[in-house]
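**Student:** Throw the hints in and build the complete structure from the sequences for me.
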Amino acid sequence: MQTIPINTYNSPTVILELIYRLKVKDVMTRSLVSVPLGTTMRAVQHLMREKSITGVPVVSDRRLLGIVSMDDIIQALDFGYINEPVELHMTKNLIVLEDDMPVSFAISYFDRYRYHRFPVLSKDKALVGMVTTRDISTRLLWEINHEVENLERMNQSTKVTDGLSRDIQSFAILKHDFENAGFASTEVKKKLKQSNVFPRTIRRAAIASYELEMNIVVHSNGGRITAEYGPHEVVITSEDSGPGIPDIDKAMEEGFSTANEWIRSLGFGAGMGLPNVRSVSDDFSITSSPSGTTVVSTIRFSDNEMKPKTTKDPTKENETNDER
Amino acid sequence: MMNVKELSTKLEYTVFALPDPVAQVTDGYTSDLLSDVMGNAAEDSVLITIQAHRNTIAVASLIGIKAIVLCNGRMPSPDMVVAAEQETVALLGTAENQFTTSHRIAAALGIS
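These protein sequence lines are chains A and B, in that order.
The first sequence begins at 2 in my numbering and counts up by one.
The second sequence begins at 733 in my numbering and counts up by one.
Please note that the accuracy of each hint is not assured.
[As the list claims (entries may be wrong)] Pairs of lysine-lysine, DSSO-like flavour, derived with a Cα cap of 30 Å:
| id | chain 1 | residue 1 | chain 2 | residue 2 |
| --- | --- | --- | --- | --- |
| 1 | A | K93 | A | K124 |
| 2 | A | K194 | B | K737 |
| 3 | A | K191 | A | K124 |
| 4 | A | K192 | A | K126 |
| 5 | B | K737 | A | K191 |
| 6 | A | K52 | A | K26 |
[What the hints assert, rightly or not] Some chain A residues judged to face chain B by a derived CB distance under 8 Å, without partners named:
| id | residue |
| --- | --- |
| 7 | T187 |
| 8 | Y211 |
| 9 | G274 |
Please keep in mind that the hints were generated in silico from the structure rather than gathered at the bench.
Here a beta-carbon is modelled for each residue, glycine too, at the ideal position from N, C-alpha and C.
**Tutor:** In structure tokens:
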């Protein structure tokens, strides 16, 4: 039996989140080697050797009909039917996964059944991939690495600010996680509301944190939003782990965006994110390298609600702290 | 000024979520770019858009938009409806396009 030494009920929260967030389609192999009906067992044997694989799905019109495993081939050789067509000897009783299932499902399947691989079907029952324990462990290791990196960074930031007795909120933001996007900014807004900060100031902080959060979701490999609350201001810091902004001046231009079609179709990538953040901030700085981008936005609590902040002050342009 | 219930009845909108029927709307904003909405829409606005997913609710809730009208017959995703209830944002729909919707809402609010 092949098992993955992670259980799906009482592993650390980070791991549980991972195996429920990742879908089978995120880990499966998509480049499929399959054969049509009528192929001989012999031909499959050659295919296995050629491609170094141990199981070949039999497919007709994208429908999965069976799998020929190494074991089926050995049997065919033993009993002398290696030249017969696959439909007579393939394994037909198959256990399959769906591409939208969480990886936790796949892990429990590998625990429960002794198969080395599971075929993956789409919602409309077409064969779209295969998943092996190796596929899962590779992807999990990659993700865990990433999480550990984030944890290390978070520990550093707590150490630095320990002595200041300030209130700090910190949120991990994942790449392309549109599902949870907006969570950090909603929390920042809640927190400020509790402290009776003026609505206009809350709105500025909400805009800054939301845009920074979306930037991490849309453009980065993942990162973190930190909000530090002082008596007179909130400092919102966004840090990500790359790939960095090649031209910060361009990124600060309204309307300039590097987002792809898919992101734009969701209404993001208008090229107004960073300009919006700067226009609502009292202090704003951005630094970027391929290993990551850091943006710091300070929003001061004004004493007078009626004194709205000018949205586009040309003198602000020169204050951009560009430390490339 | 009118409340979201009155607005949806008057303009015969489909109601997907109406968590606070008496929330007042005073202005409108038409855009499909969420950062544009974020940066420029006024508080207590009704947002006229085709972005039928839950990130639109997040934006609306953060800047105090009270109602969203989905145009061109776009249907909200189920999680968008749930989010609208949670964040107390009215979620309405119409078969009309953004131009017609904007003009009719402006007239209804008496700001045309």
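**Student:** Name the hints, by number, that the structure is in violation of.
**Tutor:** 3 and 4
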